[in-house]
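Asker: Chains as they are written, first to last, in the numbering used here: chain A, 1 to 287; chain B, 1 to 325.
Simulated from the structure, these hints should not be mistaken for lab results.
For clarity, every value in this text was computed on a predicted model and none was experimentally measured.
Built from N, CA and C at the ideal position, the CB exists for glycine as well.
Keep in mind that the hints are not guaranteed to be accurate.
[Claimed, not checked] To give an idea of the chain B side of the interface with chain A (calculated C-beta under 8 Å), a few residues:
id : residue
1  : Phe144
2  : Ser161
3  : Leu163
4  : Arg288
[What the hints assert, rightly or not] In silico negatives: residues of chain B with every beta carbon more than 12 Å from chain A:
id : residue
5  : Leu11
6  : Gln13
7  : Leu28
8  : Tyr83
9  : Asn88
10 : Ala92
11 : Ser140
12 : Gly152
13 : Arg228
14 : Gly231
15 : Gly278
16 : Ser300
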Amino acid sequence: MKSTAAPAENPLFEALRMFGRNPSALAGMLMLVIVLGIALLGPWFMPADPFEITAAPLTPPFSEEAWLGTDYLGRDVLMALIHGGRATLLVGVVAALLSVIIGITLGAMAGYYGGRIDAMLMRVTEFFQVLPALLFAMVVVTLFSPTLITVTLAIGIVSWTGTARLTRAEFMKVRGLEYVRAERAIGARDARIIWKVILPNAFPPLVVSATLAIGASILFEAGLSFMGLGDPNQMSWGMMIGSSRQYVLSSWWAVTFPGAAIFITVLAVSLIGDGLNDALNPKLRDR
Amino acid sequence: MRTFQLTLSRLLQGLALVFAVVVLNFVLVHAAPGDPVETIAGASGGMSAELKAELRTQYGLDKPLPVQLGVYLGKVLSGDLGYSYFFNLPVAGLIAERVPATLLLVMTSVLGSFVIGTVLGVLSSRKPNGLLSQLINTLSLVGFAAPVFWTGIMLVLLFASALPLFPVSGMRAIDSAGASGFADMLDVLHHLVLPALTLGLIYLAQYSRLSRASMLDVLGSDFIRTARAKGLSNRVVLYKHALRNALLPVITILGLQFGNVMAGAILVETVFNWPGLGRLAFESVLRRDYPTILGVLLFSSIIVVVMNLLTDYCYRLIDPRIKAS
Numbered sequence: 001m002k003s004t005a006a007p008a009e010n011p012l013f014e015a016l017r018m019f020g021r022n023p024s025a026l027a028g029m030l031m032l033v034i035v036l037g038i039a040l041l042g043p044w045f046m047p048a049d050p051f052e053i054t055a056a057p058l059t060p061p062f063s064e065e066a067w068l069g070t071d072y073l074g075r076d077v078l079m080a081l082i083h084g085g086r087a088t089l090l091v092g093v094v095a096a097l098l099s100v101i102i103g104i105t106l107g108a109m110a111g112y113y114g115g116r117i118d119a120m121l122m123r124v125t126e127f128f129q130v131l132p133a134l135l136f137a138m139v140v141v142t143l144f145s146p147t148l149i150t151v152t153l154a155i156g157i158v159s160w161t162g163t164a165r166l167t168r169a170e171f172m173k174v175r176g177l178e179y180v181r182a183e184r185a186i187g188a189r190d191a192r193i194i195w196k197v198i199l200p201n202a203f204p205p206l207v208v209s210a211t212l213a214i215g216a217s218i219l220f221e222a223g224l225s226f227m228g229l230g231d232p233n234q235m236s237w238g239m240m241i242g243s244s245r246q247y248v249l250s251s252w253w254a255v256t257f258p259g260a261a262i263f264i265t266v267l268a269v270s271l272i273g274d275g276l277n278d279a280l281n282p283k284l285r286d287r
Numbered sequence: 001m002r003t004f005q006l007t008l009s010r011l012l013q014g015l016a017l018v019f020a021v022v023v024l025n026f027v028l029v030h031a032a033p034g035d036p037v038e039t040i041a042g043a044s045g046g047m048s049a050e051l052k053a054e055l056r057t058q059y060g061l062d063k064p065l066p067v068q069l070g071v072y073l074g075k076v077l078s079g080d081l082g083y084s085y086f087f088n089l090p091v092a093g094l095i096a097e098r099v100p101a102t103l104l105l106v107m108t109s110v111l112g113s114f115v116i117g118t119v120l121g122v123l124s125s126r127k128p129n130g131l132l133s134q135l136i137n138t139l140s141l142v143g144f145a146a147p148v149f150w151t152g153i154m155l156v157l158l159f160a161s162a163l164p165l166f167p168v169s170g171m172r173a174i175d176s177a178g179a180s181g182f183a184d185m186l187d188v189l190h191h192l193v194l195p196a197l198t199l200g201l202i203y204l205a206q207y208s209r210l211s212r213a214s215m216l217d218v219l220g221s222d223f224i225r226t227a228r229a230k231g232l233s234n235r236v237v238l239y240k241h242a243l244r245n246a247l248l249p250v251i252t253i254l255g256l257q258f259g260n261v262m263a264g265a266i267l268v269e270t271v272f273n274w275p276g277l278g279r280l281a282f283e284s285v286l287r288r289d290y291p292t293i294l295g296v297l298l299f300s301s302i303i304v305v306v307m308n309l310l311t312d313y314c315y316r317l318i319d320p321r322i323k324a325s
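The task is simple: from the sequences and hints, build the whole structure.
Answerer: Take a look at the structure:
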């Protein structure tokens with residue numbers, strides 16, 4: 001849909017410009033770039049093992065041996081922070097991607113075909129909504145031993161229902177519209193109509209929901225590794241909080257910094273998501 | 001008659017969902033690598049060969065899979081959720097023992113944040129761009145982004161360590177055994193403040209934002225303009241006309257979430273050593289106590305189904321326009 005003021009302008013370009021004029025969205029972008037930079041490049045510059053003991057246990061922060069202090073075992077908090085970002089971000093992004101792929105596929109099929117297929121797929125969606133997500137993920141991860149892959153799969157499998165419902169609603173809205181009927185009249189196959197004709201039109205709300213899904217998956221991963229259900233060989237922010245929480249009264253830094261890292265990352269992603277929402281769905285603003 | 005039919009079909013749908021969870025439990029245990037008996041026995045270690053053999057006949061593991069599923073279903077239907085080898089107790093009893101603590105925590109935080117959130121939402125809807133509205137926007141961003149277990153620990157650092165106002169963890173003081181009813185109640189309430197606050201903050205963020213949006217939505221509609229044109233006072237319009245309608249979506253979310261909050265309390269209960277269902281789930285996962293964790297999963301799913309049915313029913317009672325969907 002084009003605005004009347006600038007009829008020739010590319011809507012994508014217009015959305016980008018609106019996004020660029022939104023200060024909180026830009027702040028989120030900046031925060032995310034910093035976090036990503038540290039998480040992706042940091043371990044390359046400081047390749048030491050984050051599990052290694054480097055100083056006396058419970059060294060307070062801002063000291064010479066350890067800038068952000070050490071935990072109860074004497075592991076460097078800064079080092080763990082730099083190395084812990086990769087697992088958290090990787091699992092968060094891949095799990096969100098997985099949930100979006102499942103959600104879009106099932107939602108598109110339900111919304112496009114309707115009828116019996118819709119009813120069946122909606123039962124499946126309801127089932128996964130009834131299942132307590134965190135609890136189910138805990139069961140799956142413990143049964144199949146915690147690795148990066150099982151954790152990612154578990155999160156992806158429990159968090160696609162929202163995307164599916166959203167996609168279904170979008171498809172039902174446009175399924176009967178003229179341009180879709182025209183496409184069908186010239187004999188286009190279902191797959192083409194679903195992926196090439198309807199889906200691009202449903203994109204704006206889906207992009208926003210995918211962004212928010214990344215934030216939710218990061219929190220999910222952090223929660224699992226906080227409970228000791230992350231990959232034990234992979235340092236992560238949630239794991240840092242979980243392993244140090246017994247000693248929090250004598251080492252606040254070992255818990256506060258990794259938590260702040262999660263908080264900043266998720267905040268950045270949601271600011272970007274809000275900005276995208278304003279830019280892509282201008283009619284829905286103030287919701 | 002029509003309502004009855006609808007209720008019945010909803011009830012059957014709910015039952016089907018619970019049935020599916022039971023089957024899923026069964027499939028999970030069998031899909032996991034290794035022998036199901038080892039899985040059921042878990043890492044509880046010292047299980048003797050006789051006990052394992054007994055388990056094998058008890059679960060009918062020497063029979064084909066469909067028969068095994070039947071045996072399992074029969075057990076669940078008769079309220080037998082299996083036996084926890086870690087706690088040395090039947091799982092159903094364990095769960096029943098833990099429900100009150102979780103219920104207390106969840107009720108306090110959800111109802112508290114519902115009341116405060118609605119008040120904030122209504123107040124802010126009077127000035128859509130005012131200070132309170134901005135506060136709610138910030139609160140909802142922060143409430144979403146802060147990991148709940150971290151918020152809990154930060155509150156402990158602030159209000160139990162730096163300012164020793166509240167206890168660090170637990171539900172009762174260690175030396176309080178045998179305290180009288182009233183003193184015991186005060187003790188529990190004292191322990192409840194921080195965990196309820198931690199859990200409540202997330203929902204406060206959601207409810208205030210939701211009720212604000214809902215109020216703004218309703219305030220823009222024709223019947224509000226009519227009410228104002230009749231010369232009704234601002235208060236009557238706001239509270240008698242607008243709020244009643246604006247509350248509907250909030251109540252729906254409240255009901256739908258309530259079931260999920262039970263399981264969502266896992267992280268908060270873990271942080272505060274709150275002796276509820278979530279902590280039981282955490283403990284049994286750590287000990288690979290599968291009968292218990294599967295029991296908690298099934299129980300929580302049933303709660304969600306029941307709450308969804310109740311919400312649906314209440315919603316139709318409150319809003320007569322919704323006959324069927």
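Asker: Give a verdict on every hint.
Answerer: How the hints compare with the structure:
1. Phe144: holds (6 Å)
2. Ser161: holds (5 Å)
3. Leu163: violated (13 Å)
4. Arg288: holds (6 Å)
5. Leu11: Holds, since 14 Å exceeds 12 Å.
6. Gln13: Given that some Cβ of chain A is not farther than 12 Å from that of Gln13/B, nearest at about 8 Å, it is violated.
7. Leu28: Violated, since 6 Å does not exceed 12 Å.
8. Tyr83: holds (18 Å)
9. Asn88: The claim stands: Asn88/B keeps its Cβ more than 12 Å from every Cβ of chain A (closest is about 20 Å).
10. Ala92: holds (17 Å)
11. Ser140: violated (9 Å)
12. Gly152: violated (9 Å)
13. Arg228: With a cut-off of 12 Å, Arg228/B remains clear of chain A, as the shortest Cβ separation is near 21 Å.
14. Gly231: Holds, because the least Cβ-Cβ distance between Gly231/B and chain A comes to about 29 Å, which exceeds 12 Å.
15. Gly278: violated (8 Å)
16. Ser300: It is violated; Ser300/B is separated from chain A by about 5 Å at its closest Cβ, not greater than 12 Å.
Of the numbered hints stated above, those contradicted by the structure are hints 3, 6, 7, 11, 12, 15 and 16, listed in ascending order.
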